[in-house]
Amino acid sequence: TRQQKESERERMAEAKKSPWLEKKQQANSAFRARKFDEARDLYSQALVLMDGATAKERAVLHANRAQALLILKEFALAAKDCDKCIELDADNEKGWYRGGVALENLKQYDAAEKKFQHVLDKGYTKSKDKAALHLRQVRERATQEKARSATTLKEKAAVAEKMKSMWSVVVKEGDLACLLPTKWWKKFAEGKKNPGPLDNEPLVEMKEISVVSERLSSKGSPGSNGVPPSVVSADLQRLHVTERPMKRILLASLDAKKGDTPDKKRSTKGFDTPKSSMWTLIPGLEIGRDYVVVGNALWKVLHGWFGGDVAIKRPVSAQKCAGDAKKDSNLRVVSVETYPRVVTGVLLDGGKPTRAHNVICSSYSSVHALQTALCQSYVLTTSQTRVIGRAGLLDPKASVKNITILPPPTPTLSLQLRLPSGAWPEIPTSIPGGSPTKENPGITGAGTNPRERRRSSLGVILPVVTGCFVCGQESENGDLMRCSACKKAVYCTPTCQKAHWPYHKSSCKNAAGMMASQLRPRTLVGLRNLGNTCYMNTALQCLRRVEELTNLFLTNRYKGQINTDNPLGKGGKLALAYGTMCKGFSFSLHKCFSPRSFLMNVATLLPQFTPFQQHDSHELVNVLLDTLHEDLNLIRKKPYVQLKDDKGRSDEDVAMEHWQNHLARNQGAIVDLFQGQYKSTLACPDCDHHARKFEPFWSVTLPIPERVVKEVNVTLYPPPHLASKQRPVRLSVPVTRRATIGGLKDMVSRIEDVNTDPSQLVATLHRGKRFSKVAGDGRSLTTIGTKDVIHMYTTIEASTENRKQYNPRLFQLRLLMRKIRKESPKDPGSEKEPSPEKNEKEPSAIKKAKKEPPRTELFAVPFLLDVPSDDSPETVYSHVARSMGRYCPKLTAGGVPEEKGGYPFTLRITNPGGVRCGRKECKIECCLGCEIPKISATKPISEYIRDRQTISIDWEQPEEWINERESLMYNIRHRAVKTKETSQCFDLNDCFKSFCTSETLGEADSWYCPVCKKHVKASKKMLLWRLPPILVLHLNRFKASSLLPGTHRKNAERINFPLTSLDLSPFTHHTSEVKSG
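One point on numbering: in full-length UniProt numbering, the residue at position 279 of the sequence shown is 279, and numbering is uninterrupted.
I should point out that these hints are in silico values taken from the structure, not numbers from a laboratory.
Don't take each hint at face value.
Unchecked claim - The list that follows gives simulated cross-link-like pairs (lysine to aspartate or glutamate, EDC-like), each with its CA atoms no further than 16 Å apart: (1) K146 with E161; (2) K186 with E161; (3) K146 with D110; (4) K192 with E155; (5) K819 with E931; (6) K313 with E201; (7) K156 with E140; (8) K56 with D91; (9) K300 with E145.
None of the values given here were measured: they were computed from a predicted structure.
Make a model of the complete structure from these sequences and hints.
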């Protein structure tokens, strides 16, 4: 402009008169360009040319050069320039401040403190705040220097007292302070005796952090209806730092080294080791009486002098003056938040609160930290929820002390779930335990859709209303928006009107003679077959009826969730194509719609679906949902998740961990609607090793049940302790062509009065009176004839691997009933007189007969018995006697002598056939089995036998004790398992039963067993673990033909399915979460 040109001319004219001004301007330009070396030299040249300049002008140049020297870390020269500046102009603010900075870096703290104090005393506005900060740092560093040079206890105590008073002045609310026992501090302040290392034992209680919730709750116990479960805030471990005292660690290590207890699991006396790393303080502590508060810098100095425990840190809650603050501004008392507080939160599911949880937090915890803790307890993510307080929506960055807290168990916070479409529901008019949200009229439920179907706590689906042309929302007051042109199309929000306008504008021009019902989009619209596209039309029609998914695309809410950076997606292209197709399909005024554009987009983005060729509709639904989810995934950067070892952990813990890992990488409306979780179990047929896996699913593929092929005879034996009261049961169980032992166990366990778990059943085959084979869960039933009998025994645990996890370990004994007969050789005189030659051989014949073992004979039915490995042999004898109560009534009627070892039978270790000894190390010739002593005061039974050991129960005179009728099992109750008639149709329950039934994998799908170290034909069993709001079911009608390879056989069975009240509780783990639909 003209004024700028004139000012530039005046500057050039002035520079000609004063050459140093030109150098100054060049130096300022170089400084702004971050050329500090050049700026320093130009300032020096300007100072040389300043002959006629005033003192203040010289002072400015010295201050500017000092700043350049400070950046170049030439602190000594900068300090000299600042001194020269102050000498020329005593009121130069920059000279005083920059001189203090230079002296601080030169570690001349006393001189730097004077310069900063001068800036504060003069009240310079520009450098006042920065000087106050530097003054605090200078004093701290000066005190620390004195602390390093202090040698005697009195000098150290004086330095510590000064540091404490200085810190009490500058500390702010929310800063972390350290706690020291008052007894230790007083001993140190006296300066007479060495106080010893820092010891936190007088302050730490060493109990679980959950005890805070129990103390603040009025009644009940953790996990009961009185006290909600407790969770810890995400930032409590940072705000409340409490470490275990060193004395306790040493005691624990000493007790661990002693190991003088039998189980070697001795706990340290005086405290119980909690599961978490959060420790509590002794209740009732008071500041001054029990502890003193110091700054973190002072604590580091004390720890450097004396060593000891880690600091106990708490946030500062208040800072008050002590005594006459006018006389001594350093008299301050700092109080801290000693104990955490408890805030109760609930989850609003379908507008109704679920079970509450107590969050243990600090007053300075953020709302976001509380939200994170509650989401972990409800297995949710923070992106799915928002926090509502008594006055409305809460800011995640706000602290707990700024919101109104109600005493537990009254809920203070509520988590509100995001709708499956991605929108937020309306904020409820009242929150459990709070006041109506009308107190905060500025918070509204914008962007909500009442037509969204939401699951309530009882699984009831909210009714769908009509009204809006797009989403169907109906207003009770009749205040819906109308099209400004035709006045006939109605909408609930401008978003719906904007989404509908491209499809409405053509009919809006011709709406003069039309009714509003003629302008409304049709409810039933067909899709045109473009040539082998019936599979796609079927999938699109099914997905269109899912109103949550359809409303997400009709209202354009999906556009705000598009993830263009996801390599697993299509950059949002498929989501945009589906949204365009969904609008054209739903807003159509015709009876038929042509999805040609969407077909071309699918062929381009999903090459496996070649256009105009036949494909699988189920495959399209799965691929379409998966790709739409990746296009709308709310997780922009997926974290790497490493799976932990699941050995020895419960199914609930492993399933929840897998689900949380999945949600950490996948979040969005598609996951909330369609994704569930199932449990897959593989069992080895040889070693019975079980492997479990929890995986998410988009749809459930249900097999079509097969008709019964044959019936298998099963004899079910009661548990050993009920052998004298219950009789065995003979069952005729119908099985199919692909049935396995595992599936047979499931069928037997479902009988009404059996009341046993499949994992407790052991299936065996007998050969005569002994065990032929113990059948694993993966064994097929096709090799078992119709006349063969499968014997099932009820035990404590059938799996060998699971028996190892018991403490003490369980041994499963295979018991045989054996009769021993000792026959003496024949007397030579009892027969006819033999020839003299034979008489000569008689002594050798008698000698040979004496070497022959006694004759043995198996009788009765063998059975199984589980015993602890640490039981004594005497206890095992008593278990065996009690298990034979049905065969030997005298054993339970007091027929056994009272003295020890008075049992009429003997236990011997034999081979599975029961004809010789079962111990490989036995060297006795013709040994019938090494005897297990009846009395052994020292050795447990594990010293004699191993798991799955065959043991014979030897009797010399069984006729006196055994009931022959019971031993041969003449009195067996028969029952035939009812089956569905051949003429009846199958329903969905039959399909789910087949889905949850164990099946054997084929040769191509063999599984590598980590125990057997080989590939085996394992048995696989599926179980629904977590159900989604919308469950997609697929009937698998096609199976590979065994006669013609490469072809498939279709199962044309008719399947009946209910339209309402579908109960899936028998086929899922979490029966409380199963909804009826």
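Hint by hint, here is what the structure shows:
no.	hint	verdict
1	K146 with E161	12 Å, holds
2	K186 with E161	11 Å, holds
3	K146 with D110	12 Å, holds
4	K192 with E155	11 Å, holds
5	K819 with E931	15 Å, holds
6	K313 with E201	15 Å, holds
7	K156 with E140	15 Å, holds
8	K56 with D91	10 Å, holds
9	K300 with E145	13 Å, holds
Violation of the numbered hints given earlier is absent; every hint is satisfied by the structure.
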